[in-house]
Amino acid sequence: MSSLYDQLGGEPAIDATVEKFYQLMLADPLMSPFFAHTDMNRQRNIQKKFLTYALKGNGLPPYAKKSMQKAHANITIEDKHYDKLEELLDQALASLGVESGLIKKTLGAIELMREDVLTKQHGAVPGPELSLLDAVGGEAAVEAVVKLLYERILADPLLIPFFAKADMKRQHLMQKKFLVMVLSGKPLPNASRNAMITAHAKLNLSDADFDRVIAHIAASLQIAGVEAYLIEKIGAIAETTRDLCLGRAELIK
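Letter 204 of the sequence shown, counting from 1, is numbered 203 in numbering that gives the first Met the number 0, and no numbers are missing.
One thing to keep in mind: the hints can contain errors.
[Said to hold, decoys possible] BS3-like mimics (lysine-lysine), calculated; alpha carbons at most 27 Å apart, straight line:
1) 185 <-> 146
2) 185 <-> 168
3) 164 <-> 185
4) 175 <-> 252
5) 79 <-> 19
6) 104 <-> 19
7) 146 <-> 47
8) 164 <-> 175
9) 103 <-> 79
10) 19 <-> 55
11) 185 <-> 232
12) 47 <-> 104
13) 232 <-> 48
14) 232 <-> 146
These are computed hints drawn from the structure, not numbers from a lab.
Between the sequences and the hints, there should be enough to build the whole structure, so can you do that?
Rendered as structure tokens:
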């Protein structure tokens with residue numbers, strides 16, 4: 000049997016539902032105050048991901064639950080608010096012509112997520128802080144980001160010359176290994192630090208080149224669905240390698 004996501008019509012249907020849903024939310028006196036200072040474009044994208052997880056039947060992965068709990072940590076969301084959310088989602092789906100039986104199933108899937116949204120109010124004790132690696136979705140997510148990153152870099156006319164003679168399969172594996180290590184919170188070993196300096200020594204990279212790579216990393220993370228606050232943290236880590244890549248650091252013996 001196809002998932003609720005597919006029965007509703009897939010991504011186009013989710014997009015339309017979220018658009019109508021937030022029209023109703025922003026017009027509702029109980030719900031609209033939550034969005035007074037919210038970037039609504041970002042909020043819509045987050046909601047699309049939430050509905051996709053819920054309606055594909057996979058549930059929220061741990062990193063998504065952590066992000067949701069963090070996002071709701073400083074606001075008081077009660078059962079009455081979640082009830083209203085379901086009511087407005089019902090109205091949004093009905094306005095788009097979704098038949099009542101499918102709406103009922105959809106709301107049932109959303110109901111299963113109630114505790115993830117109301118964790119703080121229901122007295123659950125937060126788990127340990129996730130590493131950045133876990134927060135972005137683990138090694139599988141890093142693999143996807145690295146693939147996106149090199150697709151972008153190899154399409155960038157200013158950066159592609161640096162990879163003219165590179166073994167891209169090896170490059171891909173090295174970048175993945177590096178990201179997994181630093182996102183796990185582990186310090187960069189001296190051997191890895193020295194290897195990075197040596198590998199970049201003959202490239203004559205400029206600050207502008209490094210800035211472009213950083214921009215491609217951020218864009219790849221965004222395309223992969225990583226939250227903005229995580230992208231900022233990862234960007235800060237990448238920035239610590241600037242001097243290593245631009246020949247401004249000495250080898251450690």
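Here's how the hints hold up against the structure:
1. The suggested pairing of residue 185 with residue 146 holds, with an alpha-carbon distance near 23 Å, which does not exceed 27 Å.
2. Taking the CA atoms of residue 185 and residue 168, the gap is near 24 Å; set against the 27 Å cutoff, the hint holds.
3. Between residue 164 and residue 185 the alpha-carbon distance is near 31 Å, which puts this suggested pair outside the 27 Å criterion.
4. Distance hint between residue 175 and residue 252 is fulfilled; the C-alpha atoms sit about 26 Å from each other, no more than 27 Å.
5. Taking the CA atoms of residue 79 and residue 19, the gap is about 21 Å. The hint holds against a cut of 27 Å.
6. The straight-line distance between the Cα atoms of residue 104 and residue 19 is roughly 19 Å, inside the 27 Å bound, and the hint therefore holds.
7. Restraint check for residue 146 and residue 47: satisfied, since their Cα atoms lie roughly 23 Å apart, inside the 27 Å limit.
8. Distance hint between residue 164 and residue 175 is fulfilled; the C-alpha atoms sit about 19 Å from each other, no more than 27 Å.
9. Of the supplied pair hints, the one linking residue 103 and residue 79 holds, its CA atoms being roughly 19 Å apart against a limit of 27 Å.
10. Proximity of residue 19 to residue 55 is assessed by CA-CA distance (about 20 Å); at most 27 Å being required, the pair is judged to hold.
11. Among the hinted pairs, residue 185 with residue 232 is consistent with the structure: their alpha-carbon atoms are about 15 Å apart, no more than 27 Å.
12. Between the alpha carbons of residue 47 and residue 104 the distance comes to roughly 18 Å, so the proposed pair stays at or under 27 Å and holds.
13. A threshold of 27 Å between alpha carbons decides the hint, and for residue 232 with residue 48 the separation of about 21 Å falls inside it, so the pair holds.
14. For a cut-off of 27 Å, the pair hint linking residue 232 to residue 146 stands: about 20 Å separates their Cα positions.
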